[in-house]
Amino acid sequence: MLENEIKGLQHKILEMAGLAEQMLRQAIESILTRDSELAEIVVATDDRIDLFENEIESSCIQLIALHQPVAVELRFLTTAMKVNHSIERIADKSVAIAKRSIELSELPPVKPFVDLPYVAQVIQAMVKDAIDAFVNRNAERALEIRERDNEVDEIYERMLHELLTILSEHPRLIESGISLLLLFRHMERIGDLAANIGEEVYYLVKGDVIRHS
Amino acid sequence: MQIEEKEPILSIHNLSVWYGDDQILNSLSFEVQPKQVTALIGPANCGKSTLVRCFNRLNDFTPNFKFSGEILFKGSDMYAEKTDVTAIRKKIGMVFRKPELFRYSIYENVAYGARISGINQSSQLDTIVERTLQRSGLWNEIESILHGNPEQLSIGQRQRLCIARALAVEPEILIFDEPCGELDPIETVKIENLVRDLRKDCTLIFVTNKRRQAARVSDVAGFLYCGGLIEFGTTEKIFTNPQDTRTEHYVTGRLG
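Note that the protein sequences, when read in sequence, are chains A and B.
Be aware that the first sequence starts at 1, since it is given in my numbering, and climbs by one per residue.
Be aware that the second sequence starts at 214, since it is given in my numbering, and climbs by one per residue.
To be clear, the hints were calculated from the coordinates, so they are not data collected in a lab.
Be aware that a few hints might be false.
Claimed, not checked - Below, a sample of chain B positions facing chain A; criterion: calculated Cβ distance under 7 Å:
| # | residue |
| --- | --- |
| 1 | Phe452 |
| 2 | Glu461 |
| 3 | Val464 |
| 4 | Thr465 |
All C-beta atoms, glycine included, are put in the ideal place defined by N, C-alpha and C.
Work out the full structure, taking the sequences as your base and the hints as a guide.
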């Protein structure tokens, strides 16, 4: 029965998402505590995510080929493929954050982290809610994520500005500054990816495409 | 795709049908747009055949047939007293599940309709037969045995000959009532391709209880269940995002 196969697939996606969330949490913690060992763990976990991604994608293709699904089952499988990809990207970005974290732990700090813990908290909540919305087929919650992404974008712009001011005054901090800039950029992208998942979930539940609207 | 808002070729308003005391159809309303394939889907005994048999008044012969509501063919009431039933059946052809042919040659099966419409000149009949067999994709396969017995044809070829026979009188609407019910997958694909081709100059109504077939051939689909029209919309909508739970269950194979 396709219904049971879909349940199994959803469980697998949930497992993968759990792992990606853990990687994101550890990557952020490694920056705040300047813990490069924890960051190395994040980098090493990426292989497991890649295996999940391949396995989930093959299952989706196989179920489409064998069952030729329609209606909600078709929407689930196409959504699952996209959500799968977005989770893999979130894990990738977490690895990128971890790598910056290793770099930053060896450089002098640019400034105390003020916005970073807050943004980290917001994007982690967005990722968690996006996955919850997927599991519970909750279109309203999926929509909210998009709105929170706007807040992340605003903070990112502000941090960028602030960083530019500091760096123009203290050129010796340029190396740490660039690393930090890239780190912010990765975090902002994670917000976008969570919002993308939200849009896919909205399509899954309502059948309407809200992407780019 | 969207349902194009042209003048409908068929308008069905509150159609209910009874055989004796058994109500078969319950207050159906929908419109069939010209030059599209409209599929009617639903499980066995949901009223699909009864519905399409109303469209060329075949139910007139069924004992205890009663109906209420109205069916307009290009705006005129098909069941009005002054309606010329033979003219209606000429404009609205039908192809059934079993390919039943006349006991004449292949040629005469196709020429039959033209003959009874008064065409007797053999050159004219030859043209009609060739053109119609070309349209139904059969010409190249049977050109050399045109005057032979249709019994020698495969069942799929016989079905396409039935389609040719129906096309020979240039119908405006052609109704297919489970035309692939008896056919193997290869012949089924030929019929499906033919249906897609024919909609260039004909309106097609396609009854099937094969969900995937409806998805492949039609532009618009209606889902019938227990004599009611549950949902009617573009085929894309019905198969990607149906609005009624019963339609959802039917298209995903959990109902019917």
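Status of each hint after checking the structure:
1. Phe452: holds (5 Å)
2. Glu461: holds (5 Å)
3. Val464: holds (5 Å)
4. Thr465: holds (5 Å)
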